[in-house]
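Now for the letters of each chain:
2 protein chains.
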Amino acid sequence: MIPTKSYAALSKHTQLEPYSFERRDLRADDVHVHIRYCGVCHSDLHQARDEWGGSMYPMVPGHEIVGEVVAVGSSVTRFAPGDWVGVGVMVDSCCNCESCNRDLEQYCDDGMTGTYNGLERDGKTLAQGGYSSDIVVKDRFVVSISRSLNMAAVAPLLCAGITTYSPLRFAGVTAGMKVGVVGLGGLGHMGVKFAASFGAEVTVISTSPSKEADAKRLGASRFLLSTDKEAVKNHARYFDVILDTVSADHNYTGYLDMLTVEGKLLIVGLPSKTPEISPFSLIAKRRIIIGSMIGGMKETQEMLDYCAEHQIVSDVEVISIQYINDAYQRMLRSDVKYRFVIDLATL
Amino acid sequence: MIPTKSYAALSKHTQLEPYSFERRDLRADDVHVHIRYCGVCHSDLHQARDEWGGSMYPMVPGHEIVGEVVAVGSSVTRFAPGDWVGVGVMVDSCCNCESCNRDLEQYCDDGMTGTYNGLERDGKTLAQGGYSSDIVVKDRFVVSISRSLNMAAVAPLLCAGITTYSPLRFAGVTAGMKVGVVGLGGLGHMGVKFAASFGAEVTVISTSPSKEADAKRLGASRFLLSTDKEAVKNHARYFDVILDTVSADHNYTGYLDMLTVEGKLLIVGLPSKTPEISPFSLIAKRRIIIGSMIGGMKETQEMLDYCAEHQIVSDVEVISIQYINDAYQRMLRSDVKYRFVIDLATL
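From first to last, the protein sequence lines stand for chains X and B. Quick note on my numbering: the first sequence kicks off at 247 and runs consecutively. Quick note on my numbering: the second sequence kicks off at 247 and runs consecutively.
Be careful, since some hints might not be right.
Below, a list of computed lysine to any residue pairs in the SDA-like style, where the Cα atoms sit at most 20 Å apart [claimed, not checked]:
#: 1; chain 1: B; residue 1: Lys519; chain 2: X; residue 2: Thr520
#: 2; chain 1: X; residue 1: Lys258; chain 2: X; residue 2: His280
#: 3; chain 1: X; residue 1: Lys519; chain 2: X; residue 2: Gln547
#: 4; chain 1: B; residue 1: Lys544; chain 2: X; residue 2: Lys479
#: 5; chain 1: B; residue 1: Lys544; chain 2: B; residue 2: Glu344
#: 6; chain 1: B; residue 1: Lys544; chain 2: X; residue 2: Glu508
#: 7; chain 1: B; residue 1: Lys479; chain 2: X; residue 2: Arg579
#: 8; chain 1: B; residue 1: Lys475; chain 2: B; residue 2: Lys519
#: 9; chain 1: X; residue 1: Lys370; chain 2: X; residue 2: Asp349
#: 10; chain 1: B; residue 1: Lys519; chain 2: X; residue 2: Ser524
#: 11; chain 1: X; residue 1: Lys519; chain 2: B; residue 2: Lys462
#: 12; chain 1: X; residue 1: Lys479; chain 2: B; residue 2: Phe416
#: 13; chain 1: X; residue 1: Lys544; chain 2: B; residue 2: Ala530
#: 14; chain 1: X; residue 1: Lys462; chain 2: X; residue 2: Gly357
#: 15; chain 1: B; residue 1: Lys479; chain 2: B; residue 2: Glu447
#: 16; chain 1: X; residue 1: Lys519; chain 2: B; residue 2: Lys479
#: 17; chain 1: B; residue 1: Lys519; chain 2: X; residue 2: Lys462
It should be emphasised that the hints constitute simulated quantities derived from the structure, not laboratory data.
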């Protein structure tokens, strides 16, 4: 067994604190990764505090993991010690259903195995995430990372990156298309970078005028203040694609109306209050709504290779593990540009 | 001018009654049609009673029109006197925008011109529908009807038919796919016929157990009672496509959950209360919602040709024009299998 240091939530009412546990010995298809950085996703906070219900403790959060390979199992050929690798939101799936066979493990018929806050496929071992020194993961769920990139800034690509890359690709975003990105946070800022890199004309749609300058620095050529009714009206039927990254409560109708004929509204956020949509807005222009959740392992690798080729990474603020509870407080105030990343050397 | 007999609503509070008016003299691109049958769509009733607001009177409803060509304008080459033809939900559009150029006149940037309850493109003439003896329509908005079909039973194809054919085609329904049709009314019964004719395995999803026998007669091989919670649960992730034809108030989440990965929920009904959707249901399986409104003129002709080839028509109850107010009452009770069609010879 591999002794592992970490920070964990021991209950929903307590702050994260130091916690020691053991990772499994390597199976034939396992990769042992020494974690160097882990991004801090808003869902870490939701789950540590049991805001979605069903949380399992002790919980080591973290699913934006990058590090170096320490050792590999006997059947692993894709990785060798010293390689830079990543682990994202899932660490296993049935690997046998139609979705898995289509490299869409995230939509596995049996349900993917999350990186933390759930049981592994043995039905008893608690999966533990990346706020930790080491992790052991089946090789199918490990991706290669180019040494040409800033390793800390790669971490958020494993969740925020693939969550926005996958739907933009699925929607067929290409040069010249008009793409709106709703919300400029961890997800949104990656959506802007990807859509701009695909050659789209990118508009950030936000309630905060203060985000305009940053939106343009990140690659948007236009900014739409969603509280400006006249400006919104002028964008009726304007966009080919709108990527909605917002998890705060909101309805979809206003965004639908900004889509052109057969325009696509891509949903990646999870508002807790069920959003409403106007059927008339859907029907009037054959508009389309598509939900999307992270991406499969093959596409995650494709995205990382694309990022290396185009030198795309996340905008991050690197923190020590001891700062994590303060970081959560700041995240609640949206006071982060655009992702906290824990330097696990501080463990 | 062409003297025209009809039945019209003179106000939202009055029943339909005999009404005489004149159709325009033929322009170069016009077709003069002597109407023989007109289907009765639920939206006729909504608009005659101003239930959607903004109704314009006097109003001659009716947009499922079939008849014979009386005369054509000087530039019309596609039609000749005596031809069987149809006119549907629209009689004009800008004919110049991207949608019109893609043969999607129903999504015209300037808005299509409805067959009744609106102004023609001159901005002053009230368009009047098919509960009438004659109609004059621009040739682009007239379609050919095969003499191999029962003319009365063709009428509902012009709205109920194309409204279901177009989204099923757009969603790529082909042999072997699992298609659910929600609601077995005027639209739903055509959805069943088309999906079955495409080779799909069709399941009617309905709240009325009494509809099972008819569902199977129309071409469905399966029936799902949507009030049977256990049966619904057993259909989680079952369907490739669900065609939702219901305009009564309902939410979409339950149907989303019955869709497989990348399954498509096709919306053609117009509930007045805004439906809710669970973003989690969308995201968890990359599910897709698509709105659809009738079909373009090219596709409407394609559908009619397909119907002639496969001998598909609507199930109708032919009525006299004098029965129309009673028919409306029965329609409110869903007491029609599956479409009333007015025989205009009774005018």
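Hints versus structure:
no. : hint                  : result
1   : Lys519(B) / Thr520(X) : holds, 14 Å
2   : Lys258(X) / His280(X) : violated, 27 Å
3   : Lys519(X) / Gln547(X) : violated, 34 Å
4   : Lys544(B) / Lys479(X) : violated, 32 Å
5   : Lys544(B) / Glu344(B) : holds, 15 Å
6   : Lys544(B) / Glu508(X) : holds, 18 Å
7   : Lys479(B) / Arg579(X) : violated, 40 Å
8   : Lys475(B) / Lys519(B) : violated, 23 Å
9   : Lys370(X) / Asp349(X) : violated, 26 Å
10  : Lys519(B) / Ser524(X) : holds, 9 Å
11  : Lys519(X) / Lys462(B) : violated, 39 Å
12  : Lys479(X) / Phe416(B) : violated, 29 Å
13  : Lys544(X) / Ala530(B) : holds, 18 Å
14  : Lys462(X) / Gly357(X) : violated, 39 Å
15  : Lys479(B) / Glu447(B) : holds, 19 Å
16  : Lys519(X) / Lys479(B) : violated, 23 Å
17  : Lys519(B) / Lys462(X) : violated, 39 Å
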